[in-house]
Amino acid sequence: MPSSVLWAVDLFGRVYTLSTAGQYWELCRDTQLEFKRVSAAMHCCWGIACDNQVYVYVCASDVPIRRQEEAYENQRWNPVGGFCEKLLPSDRWPWSDVSGLQHRPLDGVALPSPHWEWESDWYVDENFGGEPTEKGGWTYAMDFPATYTRDKKWNSCVRRRRWIRYRRYKSRDTWAKIPSKDDPKELPDPFNDLSVGGWEITDEPVGHLSLWAVSLQGKVWYREEVSHPNPEGSSWSLVDTPGEAVQISCGPHDLLWVTLWEGQALVREGINRNNPKGSSWSVVEPPTSENGIMHVSVGVGVVWAITKDRKVWFRRGVNSHNPCGTSWIEMVGEMMMVNVGLNDQVWGIGCEDRAVYFRQGVTPSELSGKTWKAIVASRECDRSHSGSSSSLLSAGCFFGDEVRGSGESCAPSDTDASSEAERPGPDQPVAPEPLDSPRNPKSSSASGPSPGKIPEHATEGANPANQTLGPEPHPIPASTPAELPWTNIDLKDPRKAPSHSSAGFPETTGLSELGLLPLGLEEPYGADDHPLWAWVSGGGCTVEAHTVLKWFTVQSGLSPSVQTLSLSITPAQTAAWRKQIFQQLTERTKRELENFRHYEQAVEQSVWVKTGTLQWWCDWKPHKWVDVRVALEQFTGHDGARDSILFIYYMVHEEKKYLHIFLNEVTALVPVLNETKHAFALYTPDRTRQRWPVRLAAATEQDMNDWLALLNLSCCESQRVHGRPSPQAIWSITCKGDIFVSEPSPDLEAPEHLLPCDQMFWRQVGGHLRVVEASAQGVVWGIGYDGTAWVHTGGYGGGHVQGLVSSSSNIYPQSDVKSVHIYENQRWNPVTGYTSRGLPTDRYMWSDATGLQECTKAGTKPPSLQWTWVSDWSVDFSVPGGTDQDGWQYASDFPSSYHGYKTMRDFVRRRCWARKCKLVTSGPWLEVAPIPLRDVSIIPESPGANGSGHSIALWAASDRGEVLCRLGVSELNPAGSSWLHVGTDQPFASVSIGGCYQVWAVARDGSAFYRGSVSPSQPAGDCWYHIPSPPKQRLKQVSVGQTSVYAMDENGNLWYRQGVTPSYPQGSSWEHVSNNVLRVSVGPLDQVWVPGGRRADVCSWVGPGGLWVPTLVTCGHPHGATKRVCVPGLGHRRQSPGEPQSEQGNCVSPNRRAAAGTQGAGLGLRHRGEQADRGWLCRPRLCGHTVRARAPQAATWHGVGPGRVPRGPLSTRLLEGWPLPLDPPASPVMWLSPSREAGITSPSGPMPPEPPGARPSRWLTSRTPPAGPCRWPVPHRRPWALSAAEAASLTWKQTGVQFEGSALVREPCPAVSHMVLTCGP
Amino acid sequence: MTDDKDVLRDVWFGRIPTCFTLYQDEITEREAEPYYLLLPRVSYLTLVTDKVKKHFQKVMRQEDISEIWFEYEGTPLKWHYPIGLLFDLLASSSALPWNITVHFKGFPEKDLLHCPSKDAIEAHFMSCVKEADALKHKSQIINEMQKKDHKQLWMGLHNDRFDQFWAINRKLMEYPAEENGFRYIPFRIYQTTTERPFIQKLFRPVSTDGQLHTLGDLLKEVCPSAVAPEDGEKKNQVMIHGIEPMLETPLQWLSEHLSYPDNFLHISIIPQPTD
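Note that the protein sequences, when read in sequence, are chains B and S.
Counting from 56, one number per residue, gives the positions in the first sequence under the numbering used here.
Counting from 156, one number per residue, gives the positions in the second sequence under the numbering used here.
Don't read these hints as lab results, they were simulated from the structure.
Some hints here could point you the wrong way.
[As the list claims (entries may be wrong)] With a straight-line cut-off of 30 Å between C-alpha atoms, the simulated DSS-like cross-links for lysine-lysine are:
#1 S:Lys356 to S:Lys273
#2 S:Lys233 to S:Lys213
#3 B:Lys973 to S:Lys326
#4 B:Lys712 to S:Lys306
#5 S:Lys356 to B:Lys645
[As the list claims (entries may be wrong)] From the derived model, a few chain S residues whose C-beta atoms are all more than 10 Å from chain B:
#6 Asp180
#7 Lys209
#8 Arg325
#9 Leu357
#10 Glu388
#11 Gly397
For every residue, glycine included, the Cβ atom is placed at its ideal position computed from N, Cα and C.
Starting from the given sequences, assemble the full structure and let the hints guide the process.
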């Protein structure tokens, strides 16, 4: 989980943040301002400063806040001069807004505040509804206002074009002043309190925030239009109140409470999506009449209050429907204020000690929590300024004596000298610090202004520690590490020293004496040791039940650095001790075994059997679960190979029978959890074809996990697969979010005998993802259903995959959130209007999307036991087709296409309700915070990455539609360092980077774009080229291989981009390839992969137990085939590994719809045997070692038969020098293709000519080279074709191979694989 | 990249090439050929020497045969120590194969335990496993297991079945996520130079301030003589499974990965060979 921060203000008005991952308060660096109050949200914080002005602090992120300004230029046709700016008097302005009603000259558009800056100048938008327009961007119409078209017609009398310009919010990571609301004519009425919230009320506009404020005169104000893209909001508006307000609190959702001067609370009612300001007030009386409410704070479903006697109260029964709640409960403790943050977590400031307290044990089931716990995290500036706590430690050890002996006194402030210098204020310490105080050496040891004061040995002790931050051997005289924290405090608080003014305390008494130090306070961490806090805000602080916080213990100083290190992405496999153990074990084995292998083994291997009782989903009708006995027999062959057979013994008509499965035939082992069963399924190629896996269910989860662990181990053993997935591995995601990985076997690569894809062995990797993307360098990224980006840690296993097939390190907790949707259906009748009484023939009034299954709010369960609800049902307004204000969609009848407005002919309506559920599992994944993503793509291979230190290119489209480019991605740091924002004119949906840095993207409006000039030195490229979509189709996803570009539209059609050449990478036109495709992924050898299922949204086949098949896919040459995304395939049911769950009953309720025989439509691994009319899977483009050239459409499905001379897709550039002009087949073509035969280097004469139509290089596949090919090493397995003419002039710098005429000169080259050259005519 | 799991495999499949010869004073009918065998490091002598016994019994008269015992360079070999430990402790510096002398008479009652049958080995093994789990988890895990799980542990060792054994044993190697390790590390430290059979104390994997204890910490605490002073010459080898892990190795990791099947870390401290 990414860290988030808690905001707080100390008594001196300084604002601090405390990270959930950290243990020190960090000063919010703003040299000028002091604050009274702050109220934080996730990405920003609002505050009232001591000048009574309101400020907003927007946290910087990699993605800028930018807004588009637009203006329209309008022209009318005039018989004399053609189109000109002269309009008719009745016309609109020549420069206007979109409606034409407002005059909007380009130079009249001003920045709204000094916190914005222009990104560039005005330019014409040439994109019209997803399609590029003619030069100039004009759109034509008969008259204003009318429908505009791209094309100029005979009757086009007017035209207009859109100018756009972007402005960017620049005041990030600093406090930006919000203009005062005060009317200069009236007396100023400064703000007294403010509260930000409301971000969960609505998704539209993006990042909406409700900002409420209370002025000194007791008025309540609302800031209009505050949202993420408009962080300042626009204006203040007054909200009437029945009394004088003193304080206000706004929750993340629809709660808003105000305290009144008289001690009651006001509760705002009627806050909803359409009316974030609410409609009316109601009054809540204080808990006791004598002590009114002084302070309230609200969350999603809780209200905490402080009365005037400082007592803390919890309001019972508060929720959206009853924002007032029912009654008060008194809580323990006395607080100055409390603040409710995210997840209804609570912080408070203690009355006595002014410390920040955190309410522990707040869970959805126990909202009031358990106890208050003081946060004792110290401030960053309390540490040594060198940033190293260890230096402080060692200094502390050295100065311990002097601290106690110096007898100086110091100001109450305990900031160190330098931060005070930065921020001169009234709280400046009065007493000057004696130079020999402990603090000076501490700070000067870092800054070094007074070295003379520092004992020599102290600097020595401190500085090395600064540099290494490790568990340094700080020379501790006689004090044990356990005492160090005390020493630490001792240092910070010199004031206590006078009581021990005699020098030379024995060191060993440190602990006991410190007990006396805080001057009479009971707690050792007294007010003087720690900051006095005035205000705290947890609105930006995510704390969950399992979050481990380090706030509550004073760290010894050494661990912080160690702990942060261990959190870093790089697997901690590099420790020297670990390496040595591996190395020594290898040496030991060699030493003790090498020469003695002929010795007899002491223990003979034998058959081992595990037996048990399971349930089996029987093969015959009626299908049901039957009890079976199961035995796994493992045996070892003479060659040491292990194999296993699984026997399933069952009874038919009193007769004992069994079936058996050879585990080396198993292609996938899939846990299948649903609401009732702990089941798993075994797939073999046969059973995949029959769409009928062996389904087994265990009585308990433990039992299932044991069997899964054992079967997984046996399968992996018999497939000889173990350890982390190789960089060549093929990754896929099932429709349920389970992650599978397959190691490409050498067979897959054999051109003559392609291994059918249904024989690929898939093993599961823990975790839950929606999209996975991998590159040849072993960098793997994934995106969860909630948009969270994850990076593979290099581990394997986790989740359900336990035991020996799971790695012991690199497995981390992972969680995912998705929504379950149900529909409320209504029919109109003339008397009562829309009611929930339908016709008898109608669908259920509460149903799933198809209407066939009843889904009520109460009866709908999370998809499986792993999922738990995390929200309540709410109307989903973001359904396609739009909705009205209340979320309804209308249609003439069920089922039909729905629209978001009511017409006369609409007799039915529906609305979608969504409820979020969450699962927690584990897997080899670490979160890449903080930007949620929609699509991600990694360059298949980057030639420069190996030597030149270029990072691996990775592009992504964010949830909000921004295009991002990740910097600093490498094999060692697969997570990269930061995002680089790539500006776009509209939100994007999909992005893909292929070989040679070709970046393609698809916008949400369905248009395609090519990004120009992307290169290692210019990772973000320079500009977008708009590519027209296929006619009348809106593209949805794009995938780029080495040279070929495929895109998929919203109707599941797959398109191939023709004419992509190095010199013209945009290509010429789209060519239809196939339909019924869910998602496409093109590999680095231009293999095309698609999931084997059909449309996931159409078919919702759910087997008993929600079975599905790992869908894929293959073709060609997975050796080095590395780019793959496989996608949610089929079915709606999805579940994935997770936390232990309680045992369920054995009864099964096979899904009603499953019995309907619809499985054919949706289930199954498409295998090679299937014909194109059923969709396709296997589309070899470039197979194996040969350059098999063919145009996409001429191809037969399995790559047999003659290919054609390469056109676009084959003409890839050499390592550098794209573009390399190539225009086959006019000129003779030289063929280069990779061969696995290494080491043969016999350059010789000219190549045997081959006609262009022939299958090239047949001899290569037989591996018997004909006379005359010459081989030389090249660094990459990749086919090339170049013309002889080009070859003649080409110098291949990178590998040192030179072409001279048709002869080739081979130079030494470090690369490993080899190339074979033949020559066509 | 190698994974920690591979260590388990390497540990399990450690073999010591051994040459068994019959003690010269044993009375034989004809000359006894030496017998060569690869002994699993993690197993017990009497568990894996059926073949040896048979081999030598063939050349002996029935009445001369009593309980078999083994000796290396005059030291009787305790069958209840894992083989790898015996080798590391006594013979790691000598040349391979390991020459073990087989005796059928003169059982050294004061040095060795009798091993009437394999049940004795099983009983000893299981009691070690239980003791280790008592240290690691207050016996919670071993007690939750069923009888068949216990049997599977033993059969896994008996039949040299890595996966059979580890399918169960992995549960013994788990610890709650909120902890940083076991309660105590089950370990035994053996030294040839002392009379004491071994050192065993309570030792936690994590220090009070949250730092992981290392092998070096353990040795400093319980066997300071084994650790060379900072600047001093290294006098001893600290050996587990025939390797010398670095003293910086976290003890918890060692316990999870380099424990013998009885779940103990058997650490040998032997004098540094001088050459």
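The hints, checked one at a time:
For the hint pairing lysine 356 of chain S with lysine 273 of chain S, the CA-to-CA distance comes to about 29 Å; that is within 30 Å, so the pair holds. Restraint check for lysine 233 of chain S and lysine 213 of chain S: satisfied, since their Cα atoms lie roughly 24 Å apart, inside the 30 Å limit. Only pairs whose Cα atoms come within 30 Å are accepted, and lysine 973 of chain B paired with lysine 326 of chain S is accepted, the gap being roughly 27 Å. For the given pair, lysine 712 of chain B sits about 29 Å from lysine 306 of chain S by alpha-carbon distance, which is consistent with the 30 Å threshold.
Taken as a hint, the lysine 356 of chain S and lysine 645 of chain B pair is broken in the structure, with Cα atoms around 34 Å apart against an allowance of 30 Å. Annotated as non-interface, aspartate 180 of chain S keeps its C-beta farther than 10 Å from every C-beta of chain B; the closest such distance is 26 Å. No Cβ of chain B comes within 10 Å of the Cβ of lysine 209 of chain S; the nearest lies about 12 Å off, and the non-interface call holds. For arginine 325 of chain S, the non-interface assignment is contradicted: its Cβ lies about 6 Å from the closest Cβ of chain B, within the 10 Å cut-off.
Against chain B, the non-interface label of leucine 357 of chain S holds: every CB pair exceeds 10 Å, the least being about 18 Å. For glutamate 388 of chain S, the non-interface assignment is confirmed: its Cβ lies about 20 Å from the closest Cβ of chain B, beyond the 10 Å cut-off. Remark: the non-interface label on glycine 397 of chain S conflicts with the geometry, its nearest Cβ contact in chain B lying 4 Å away (cut-off 10 Å).
The structure fails hints 5, 8, 11 (numbered hints given earlier, in ascending order).
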